[in-house]
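Participant: Next come the chains, spelled out residue by residue.
2 protein chains.
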Amino acid sequence: MTDRFSGVLSPVVTPFVNDLGPDADRLIAQCQWLLSQNVGLAVFGTNSEANSLSVDEKIVLLDRLVEAGIDTNRMMPGTGCCALTDTVKLTAHAAKLRCAGTLMLPPFYYKGVSDDGIFANFAEVIERVGNESLRIYLYHIPPVAQVGFSTDLIERLVIRYPKIIVGIKDSSGDWKNTFAMLERKWDDFRVFVGSESFLLANMRSGGAGCISATANVNPAAIYHLYQTWQDDDADSQQQALDEIRSTVMAYPMIPALKATVAEFSGDDQWRTVRPPLVNLAKDKSAELAAALRNKGFEMPGL
Amino acid sequence: MTDRFSGVLSPVVTPFVNDLGPDADRLIAQCQWLLSQNVGLAVFGTNSEANSLSVDEKIVLLDRLVEAGIDTNRMMPGTGCCALTDTVKLTAHAAKLRCAGTLMLPPFYYKGVSDDGIFANFAEVIERVGNESLRIYLYHIPPVAQVGFSTDLIERLVIRYPKIIVGIKDSSGDWKNTFAMLERKWDDFRVFVGSESFLLANMRSGGAGCISATANVNPAAIYHLYQTWQDDDADSQQQALDEIRSTVMAYPMIPALKATVAEFSGDDQWRTVRPPLVNLAKDKSAELAAALRNKGFEMPGL
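Line order of the protein sequences matches chains A and B. Just so we're aligned: the first sequence equals residues 1 to 302 in my numbering. Just so we're aligned: the second sequence equals residues 1001 to 1302 in my numbering.
There may be inaccurate statements among the hints.
To be verified - Over 12 Å on every C-beta distance to chain B, these chain A residues come out as not near it, computed from the model:
| no. | residue |
| --- | --- |
| 1 | ARG26 |
| 2 | SER54 |
| 3 | LYS89 |
Unchecked claim - Dumping the calculated PhoX-like pairs for lysine-lysine here, alpha-carbon to alpha-carbon at most 25 Å:
| no. | chain 1 | residue 1 | chain 2 | residue 2 |
| --- | --- | --- | --- | --- |
| 4 | A | LYS163 | A | LYS111 |
| 5 | B | LYS1176 | B | LYS1111 |
| 6 | A | LYS163 | A | LYS96 |
| 7 | B | LYS1295 | B | LYS1284 |
| 8 | A | LYS185 | A | LYS163 |
| 9 | A | LYS111 | B | LYS1111 |
| 10 | A | LYS282 | B | LYS1111 |
| 11 | B | LYS1282 | B | LYS1295 |
| 12 | A | LYS111 | B | LYS1282 |
| 13 | B | LYS1284 | A | LYS176 |
| 14 | A | LYS111 | B | LYS1284 |
| 15 | A | LYS111 | B | LYS1096 |
| 16 | A | LYS295 | A | LYS284 |
| 17 | B | LYS1096 | B | LYS1163 |
| 18 | A | LYS96 | A | LYS111 |
| 19 | A | LYS284 | B | LYS1111 |
| 20 | B | LYS1096 | B | LYS1111 |
Just so you know, the hints here were simulated from the structure itself, not pulled from any lab data. Bear in mind the structure is a predicted one, so any value in this text is a computation, not a measurement. The beta carbon of each residue, even a glycine, is placed where N, CA and C say it ideally should be.
For reference, chain A alone in the conformation it holds in the complex (with noise of 0.2 Å):
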């Protein structure tokens, strides 16, 4: 028994109204389609514009999502925060919400920072909200955050907090990165890498899945390689997963999976996006949708 994730997870894409406020009526419909493919939730991810909403903004939608009867078991809120006090305050919400974990960045603003400032910064976060049903898993994403977790770091803070430091999203994007943390074989540490292009290479490793932007729109297909990794036709099937994860990411990312659930679920509203993103345009919205489809993709129950 274990209360780790494991499996595919998705970094839900946030919908917004007309005037840029977040949208929780769809949000709550788009996890729902999300567990209904087997995905867990990693609301407030990267690729939810989550640096773009406030804390309140946050904590406003996570009460929404837990009012809607959307199990905490299956959440993993994005928690990290620039400032210490924002961190805590977010964390301890989705804490005293009973989300069975939270994928927290580093703070990103300052850079060059050095490991024992990011550790200090994670023992005042974890000793603050001072909660035991924490469950931290780190957010490695340098390509991004620009600050990001050295494997000495990630040792120090296994050791130090074996029970809260659980596991990590590695969206380096470097297999060698990721490798790397396998093979320290931290106990029952969860490693997730952050593009459903290393899944295959990650569970044959022993990797715990994928948090991953494409599975806000091919969910069920990421899933079925997690489930059946160790059959025969697994290649062929990362093979299908990368054409279909290029296809969308030959456009601004972001802006192509809200335009994707636009396309395929008829609701408009779904591609907006809030600034300094930018809506990608109807005649490209169209050509990426129309790629897919060529591709045999479909979202079905969307």
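On the provided structure of chain A, position chain B as indicated by the hints.
Facilitator: Here is chain B on its own, set in the frame of chain A:
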């Protein structure tokens, strides 16, 4: 007559009490001292650890400064956050308090964003704040924020909001970039360099002054060069400023600034930084103070 800034401003270092909460009383005293040295108050800059503070913490500090009678005509608080809604809330508060300017980072989590996206972000902030007294100084610091303002983007903003987008702090560390802005000669646009190392060059090219970390500890000498840049000894003044700056910058900047304030005021509480930064070790702090004293450096009246 103009309501725009010129001269020397300090991104005022933020003191913390023992539990890492902001120390309003010490901040007020420090601001009073800086004003006595003819230096304006760019509170909540990078060197203020502003991005390690929540919006609410910044609002409380702003209120305390104004209640203490700090001249809002000398205040240019940093108000740019990752989330549109945070930037709007903090900027609206600063404008309501009649701060003469705000120094605004672009949203800095998402990388590789377009000029259109950053323009849209600023347009939203300006329209939502909806305060005619708002005056924005763009904060260009690509080495840290990793997101910045192209010269063309600045021009678009100035053309669209000529009374509101009134200046920039260029912390690119690239004089060619500063000079490219100066050459555009936008009407009464105030170009500040982000380091006093470029102060003389900036003044000779029509710039407005500097907003510099080191103005926290060496305000009088920096202001003196600003005031007398046309004098014969300007180059030697610049050289003396550079020597003090390089002495401090031999250590991690923010902990070193705070250690310097602690050493020269005798108030050890100033040493404390928030994670992810780490206090300067006592022996390094003493070494830095000795090196500064060796150059005849002092902080009179602190």
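Participant: Give a verdict on every hint.
Facilitator: Each hint, compared with the structure:
1. No beta-carbon of chain B is positioned within 12 Å of the beta-carbon of A:ARG26; the least distance is around 18 Å.
2. The Cβ of A:SER54 sits about 4 Å from the closest Cβ of chain B, inside the 12 Å cut-off, so the non-interface label is violated.
3. The beta carbon of A:LYS89 sits about 7 Å from the closest Cβ of chain B, which is not more than 12 Å, so the claim that it is off the interface is violated.
4. A hinted pair counts as satisfied when its Cα atoms are at most 25 Å apart, and A:LYS163 with A:LYS111 does not qualify at roughly 29 Å.
5. For the hint linking B:LYS1176 to B:LYS1111, the alpha-carbon distance of about 23 Å falls within 25 Å, and the restraint holds.
6. Only pairs whose Cα atoms come within 25 Å are accepted, and A:LYS163 paired with A:LYS96 is accepted, the gap being roughly 17 Å.
7. The suggested pairing of B:LYS1295 with B:LYS1284 holds, with an alpha-carbon distance near 17 Å, which does not exceed 25 Å.
8. Distance restraint check for A:LYS185 and A:LYS163: the Cα-Cα separation of roughly 15 Å lies within the 25 Å cut-off, and the hinted pair is therefore satisfied.
9. Distance check on the hinted pair: A:LYS111 and B:LYS1111 sit about 14 Å apart at the alpha-carbon level, within 25 Å; holds.
10. Restraint check for A:LYS282 and B:LYS1111: the C-alpha separation of about 23 Å stays at or below 25 Å, so the hint holds.
11. Taking the CA atoms of B:LYS1282 and B:LYS1295, the gap is near 20 Å; set against the 25 Å cutoff, the hint holds.
12. Annotation: proposed proximity of A:LYS111 to B:LYS1282 holds, straight-line Cα distance about 23 Å (limit 25 Å).
13. Pair hint B:LYS1284 plus A:LYS176 does not hold up; C-alpha atoms about 37 Å apart against a cutoff of 25 Å.
14. For the hint pairing A:LYS111 with B:LYS1284, the CA-to-CA distance comes to about 21 Å; that is within 25 Å, so the pair holds.
15. For the suggested pair A:LYS111 and B:LYS1096, the alpha carbons sit about 32 Å apart, so the restraint of at most 25 Å is broken.
16. Straight-line distance between C-alpha atoms of A:LYS295 and A:LYS284 comes to about 17 Å, which keeps the hinted pair within the 25 Å bound.
17. This hinted pair checks out: B:LYS1096 and B:LYS1163 have alpha carbons roughly 17 Å apart, not beyond 25 Å.
18. Straight-line distance between C-alpha atoms of A:LYS96 and A:LYS111 comes to about 31 Å, which puts the hinted pair past the 25 Å bound.
19. Among the hinted pairs, A:LYS284 with B:LYS1111 is consistent with the structure: their alpha-carbon atoms are about 21 Å apart, no more than 25 Å.
20. As the CA atoms of B:LYS1096 and B:LYS1111 are separated by approximately 31 Å, the hinted pair breaks the 25 Å bound.
Comparing the model with each earlier hint shows violations of hints 2, 3, 4, 13, 15, 18 and 20; every other hint is respected.
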